[in-house]
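Order-wise, the sequence lines are chains A and B. Quick note: the first sequence, position 219, residue 219 per full-length UniProt numbering, numbers continuous. Quick note: the second sequence, position 309, residue 309 per full-length UniProt numbering, numbers continuous.
Everything labelled a hint here was simulated from the structure, so no lab data went into it. Careful: at least some of the hints might be erroneous.
Put simply, identical chains are the same to the list, so a pair is met inside one copy or across any two.
Stated by the list, open to error - Below 27 Å or equal to it, Euclidean Cα-Cα: the simulated DSSO-like pairs (lysine-lysine) are:
# : residue 1 : residue 2
1 : K207      : K259
2 : K259      : K210
3 : K210      : K6
4 : K279      : K259
5 : K259      : K90
6 : K357      : K114
7 : K357      : K60
8 : K259      : K6
9 : K90       : K279
Protein chains: 2
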Amino acid sequence: MDNIRKLVGADFPLFAFSHCRDVVAAVSRAGGFGVLGGSSFTPESLEEELRWIDDHVDGKPYGVDILIPENQALGTDIDIDEIVARVPQKHIDFAVDLLRNHQIQANREDVVDKLFLPTLPEAGEALMDVAFRHPIRLMVNALGIAPASMIDRARRHGVPVGALVGAKEHAVRQVHAGVDLLVAQGGEAGGHCGEVSTLVLVPEVIKAVKPIRDVPVLAAGGIMTGAQMAGCMAMGAAGAWTGSIWLATTEAETSETFKDKMVAATSRDTIRSSTRTGKPSRQLRSAWHDAWDGPQSPGALPMPMMALISVPTFARIERAADAGNPQAKALSSYWVGQGVGLVDSIRSATAVVQEFKQDFADAIETLMAAVEGGA
Amino acid sequence: MDNIRKLVGADFPLFAFSHCRDVVAAVSRAGGFGVLGGSSFTPESLEEELRWIDDHVDGKPYGVDILIPENQALGTDIDIDEIVARVPQKHIDFAVDLLRNHQIQANREDVVDKLFLPTLPEAGEALMDVAFRHPIRLMVNALGIAPASMIDRARRHGVPVGALVGAKEHAVRQVHAGVDLLVAQGGEAGGHCGEVSTLVLVPEVIKAVKPIRDVPVLAAGGIMTGAQMAGCMAMGAAGAWTGSIWLATTEAETSETFKDKMVAATSRDTIRSSTRTGKPSRQLRSAWHDAWDGPQSPGALPMPMMALISVPTFARIERAADAGNPQAKALSSYWVGQGVGLVDSIRSATAVVQEFKQDFADAIETLMAAVEGGA
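Okay, chain A solo, but in the shape it has when bound (with noise of 0.2 Å):
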């Protein structure tokens, strides 16, 4: 564990991806290492969310995460008044028809909205400038090959860089990149995700990088207990990257709602569909898919486009399932990986850090009870 004490500062390589400073900053403090998802805001409120992370964290290491896409369906010339206009009627019609028959009240105005949107280029340089003016100790990218501003840029502040890869492949094109740290995702994950699974990836791109260059590698997706990161540190990873585990805590972001269908929810309840961001990214399966992936469906937009309706939609629904209405909840989804079969319950996130540590611990126990009795 020490090579990620070197490169980042943290005791216990246990990452912790989070769009709630309250996450991020508690795992830091607690010896893991929060990273906030920065583009789900805008330069103003990204600045506003580090500040307070900054005064909560303790000194302890914390990180930045902003999506950049390697390719947009869009040009990178377009304004977001042009990307409104192109949304189609029947999308939002769609959107609409789909809220009222779950007994949400909706009008054009509610479903589509102009939208901030990190991921178009010069957003993400922005969230970069704000970003680059807070101690953090690593930023990462987490779709596509790291662009060289932000390699160049993170190089000026002596930041490590580190990027999410889904396939060997684009692990290999990280590493010439010239990322520091790499994090290998399996298909099992929430968000955007590729189909290859975590068990077969970690080793895949460890084998992959070590001849070129010696570069850490965290293994992601699925991972909800310390148990199986010392699983996947037993294959050489150099620690783990977690994301669901962090929205089943009482610090999160999640609706009530949201976050009892976790604890409910089983391994098999997610499915890895479009219809939220225009890319495949894993959710847990509600009616939302059900209509969007059905036979009257539209089907969804191109990245950026489908965020300008799902993230509009998703706050009234989310709004109307808390308030107690049971069609709203139905439609209930978020991003989240398999290992939500593994959630029973809601706990603190420092809470989740202490289990994690544990059962780290526990894991190192059984696998040498195992080897001592077999030997």
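With chain A fixed as given, assemble chain B onto it according to the hints.
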């Protein structure tokens, strides 16, 4: 590893599923536990294979796997002539055209065959008659709940019963049905599989069955190395169940063409498709799948009818491929898991077991070094 030694007599809890008697005997002789896939044989040929194994296993323990599906699309009182007669002409024509379009000579009688169908219930009973006449140490059912007749007969012979499961709910039902060993097989596995990944399924199954009865759980799906095996055992698995890795051995029944394809493949080259058996099973993706899953396809037939076409057709394909026909090579395929991406050479089964042991020991050292570095 004591519990597995007590249950089936193997020193190293590496279970090797194979249709090849040489692999089964070699793995058991090397300290692992070979399991012969019995359902590719008639009762007469199974008798011959098991007699050969008895003569070559040096008294080491081995097992047999007989696939008895819980649900049959056809009734149980239908005979093979009737089943052959029901294979639609358009499926036969499609198979003949597919071969001819790939420069493989074929007529109707070459692509549909009156096979012995081991998946029919009375065939399963006949195969069990044979197996229980030999000193097997484990009887495994691979598809659905182990039938009561299998469990009863195994009990009378003092043979433990194992079962493959791809979901937590199935594991719970199997334990209630009385099985002695569970194989939790993730969706990255070759052959029939579900969708939950090994890394999630293994701890989920262990957690679900523990309160019911103390049944050892083997991890399966994507495991090609001793490091992955150690990783799964850190999560509480009692050992590893493997299949695909044995196809990449000198002894294996697979064609030379297919072995070459395994070495060349990455983890993204597999597909979960119903076009070989009628139920979703993971295979190496080839021109076969592009055709049968393509727009001109009549679609897969249900189990067991699809095998009446795929078995004789693939026999011709692999023969033509090994004879040097490049178009036949494009069609060549077999069941294999995502772990195929970790295969980079063809070795003897004995060498594979030795490497598993070494790799397992190295993984434990890696984990210890990481923890000590972190203390």
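The hints, checked one at a time:
no. : hint        : in the structure
1   : K207 / K259 : between (37 Å within a copy, 21 Å between copies)
2   : K259 / K210 : between (40 Å within a copy, 25 Å between copies)
3   : K210 / K6   : within (19 Å within a copy, 40 Å between copies)
4   : K279 / K259 : within (24 Å within a copy, 35 Å between copies)
5   : K259 / K90  : neither (32 Å within a copy, 50 Å between copies)
6   : K357 / K114 : neither (43 Å within a copy, 58 Å between copies)
7   : K357 / K60  : within (18 Å within a copy, 40 Å between copies)
8   : K259 / K6   : neither (35 Å within a copy, 43 Å between copies)
9   : K90 / K279  : within (20 Å within a copy, 37 Å between copies)
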